[in-house]
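Let chain X serve as the given structure and place chain Y on it in line with the hints.
Chains X and Y, in that order, give the protein sequences. Each residue of the first sequence is one higher than the last, beginning at 0 in numbering that gives the first Met the number 0. Each residue of the second sequence is one higher than the last, beginning at 0 in numbering that gives the first Met the number 0.
Treat the hints loosely; a few may be bogus.
Taking lysine-lysine pairs in the DSBU-like style, the calculated list, with each CA pair at most 30 Å apart, reads [to be verified]:
1) Y:Lys195 <-> X:Lys15
2) Y:Lys12 <-> X:Lys177
3) Y:Lys195 <-> X:Lys147
4) X:Lys143 <-> X:Lys62
5) X:Lys147 <-> Y:Lys173
6) X:Lys151 <-> Y:Lys129
7) X:Lys15 <-> Y:Lys173
8) Y:Lys266 <-> Y:Lys173
9) Y:Lys266 <-> X:Lys62
10) X:Lys85 <-> X:Lys147
11) Y:Lys211 <-> Y:Lys195
12) X:Lys64 <-> X:Lys151
13) Y:Lys12 <-> X:Lys151
14) X:Lys121 <-> Y:Lys12
Keep in mind that the hints were calculated from the coordinates and are not lab data.
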Amino acid sequence: MRIGILAVQGAFALHKEILEDLGAECVELRQASDIHNLDGLVLPGGESTVQGKLIRELQMYDKLKELIDNGIPTLATCAGLILLAKEISNDENVYLATLPVTVKRNAYGRQLGSFNKVDMFKDIGDFEMTFIRAPYIEQVGNAKVLAKVDDKVVAVQYKNQLGLAFHPEMGNDNRIHKYFLQMCSR
Amino acid sequence: MLEKKENLNMVNKQVELNRGLAHMLKGGVIMDVTTPEQARIAQEAGACAVMALERIPADIRAAGGVSRMSDPKMIKGIQEAVSIPVMAKCRIGHFAEAQILEAIEIDYIDESEVLSPADDVYHINKREFKVPFVCGARDLGEALRRINEGATMIRTKGEPGTGDIVQAVRHMRKMNSEIARLVSMREEELFEAAKKLQVPYELVLYVHENGKLPVVNFAAGGVATPADAALMMQLGAEGVFVGSGVFKSGDPAKRAAAIVQAVTNYKDAKLIAELSEDLGEAMVGINESEIQLIMEERGQ
Chain X
0 MRIGILAVQG AFALHKEILE DLGAECVELR QASDIHNLDG LVLPGGESTV
50 QGKLIRELQM YDKLKELIDN GIPTLATCAG LILLAKEISN DENVYLATLP
100 VTVKRNAYGR QLGSFNKVDM FKDIGDFEMT FIRAPYIEQV GNAKVLAKVD
150 DKVVAVQYKN QLGLAFHPEM GNDNRIHKYF LQMCSR
Chain Y
0 MLEKKENLNM VNKQVELNRG LAHMLKGGVI MDVTTPEQAR IAQEAGACAV
50 MALERIPADI RAAGGVSRMS DPKMIKGIQE AVSIPVMAKC RIGHFAEAQI
100 LEAIEIDYID ESEVLSPADD VYHINKREFK VPFVCGARDL GEALRRINEG
150 ATMIRTKGEP GTGDIVQAVR HMRKMNSEIA RLVSMREEEL FEAAKKLQVP
200 YELVLYVHEN GKLPVVNFAA GGVATPADAA LMMQLGAEGV FVGSGVFKSG
250 DPAKRAAAIV QAVTNYKDAK LIAELSEDLG EAMVGINESE IQLIMEERGQ
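One chain only, chain X, in its complex shape (with noise of 0.2 Å):
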């Protein structure tokens, strides 16, 4: 299995490491070039502004955007995830526009916002939860919601794309991206 992983800035690496030892092959995706025969698509943390930026700068966006609505499986985890949103409640831009739900970007606040915690994911169980500036979801839509901290929705699945509020990355957890690796097989 051939895992594309957004590698234009943010927490890639962590990504990667989790998803090799689970057996995936993984392709760091810096260029246009590098995106061809996927079988998934992770979108990591980092910075959404940056991000955003650079794959239109390094004509990234339309095959990314053509892959996604094409279905295929994708893992994005806090800039990823407002990444995908259709609409960002504080901000105007909007990136690729996949995914039908409404986020606040650093809807916590600052970095002392930041906080860890375990709650329950759907058909996973308790999770450990990291969350570091991170957005949560304001409106769902069609979207199922997979977890919910303090009644914030911080994960949700629709079709193809898994939106994630935190960092599934961080910390010893292997089991959401076994889910995701799950649906890249199918």
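Then chain Y, alone, in the frame of chain X:
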């Protein structure tokens, strides 16, 4: 500040969150800015964070005298201007300045040799803080000592405000060769290595087993061109700080954007060649041998 009664687990969770933010900055460029306007230019150019300070290192160098933490009002103005993380510098050992920066909810504190040191013996006990710290290092010993004090991100010191990359290269190469040496050691030799590096055995063991620092490691000091940034990335930096290099140059927005792309595709020489075209004047550099004040020697 973290309360003493909070248990070790809470402290470790905070360290994890703070190391985590550094992971989010990886593969990015952190730019020095002195005004909200510069901060917006940096964000639009693709900076993954900005460092808010009253004077950039080149001007600190030119002005001379004692250099201190910036005016909190000026820092707040920058926090309001951008959505990316905002960092600020405090003097080495000046924990009261650090407390002030934490009080205004800065995202990362740089305990920096660019400012005049406030303490010539002790660095800040960074474990007492909730807010994360980045510190400069010239070699593995300095890096691990700062990590032991609670730093959750490391950068090379380089020689700030010179536009001369030679010291950053020297520091990165030294760190790499010392890491390689630890990796190749037999386990019983690690105790002696820890003694020589003046750091705890556990940190030495981590480097031995993992071949890298336990925190993210950026390059800083003297980066002025896309090629400089690519050089540091190929030498193993996980991202780049650009201090005076952007806003002391002829066309800051264009140069900043070019450096950002060069960091992402640091091995693609053809792309970096295109990025390096028509950037206008680079900052006027000062050679190592021409400077009076050696900032890298501050805080060891």
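For each hint, the structure was consulted:
1. Y:Lys195 <-> X:Lys15: Distance ~35 Å between Lys195 (chain Y) and Lys15 (chain X) Cα, so the pair is violated.
2. Y:Lys12 <-> X:Lys177: 24 Å, holds
3. Y:Lys195 <-> X:Lys147: 49 Å, violated
4. X:Lys143 <-> X:Lys62: Satisfied, since the Cα-Cα distance of roughly 26 Å is no more than 30 Å.
5. X:Lys147 <-> Y:Lys173: The given pair, whose Cα atoms are some 47 Å apart, is violated under the 30 Å limit.
6. X:Lys151 <-> Y:Lys129: Holds. Lys151 (chain X) to Lys129 (chain Y) sits at ~24 Å (cutoff 30 Å).
7. X:Lys15 <-> Y:Lys173: 28 Å, holds
8. Y:Lys266 <-> Y:Lys173: Holds - the C-alpha atoms of Lys173 (chain Y) and Lys266 (chain Y) are around 22 Å apart, at most 30 Å.
9. Y:Lys266 <-> X:Lys62: 22 Å, holds
10. X:Lys85 <-> X:Lys147: 20 Å, holds
11. Y:Lys211 <-> Y:Lys195: This hinted pair holds, its Cα atoms lying about 18 Å apart.
12. X:Lys64 <-> X:Lys151: 27 Å, holds
13. Y:Lys12 <-> X:Lys151: Holds - the C-alpha atoms of Lys151 (chain X) and Lys12 (chain Y) are around 22 Å apart, at most 30 Å.
14. X:Lys121 <-> Y:Lys12: Within the cut-off at roughly 24 Å; holds.
Consistency note: the structure conflicts with the earlier hints numbered 1, 3, 5.
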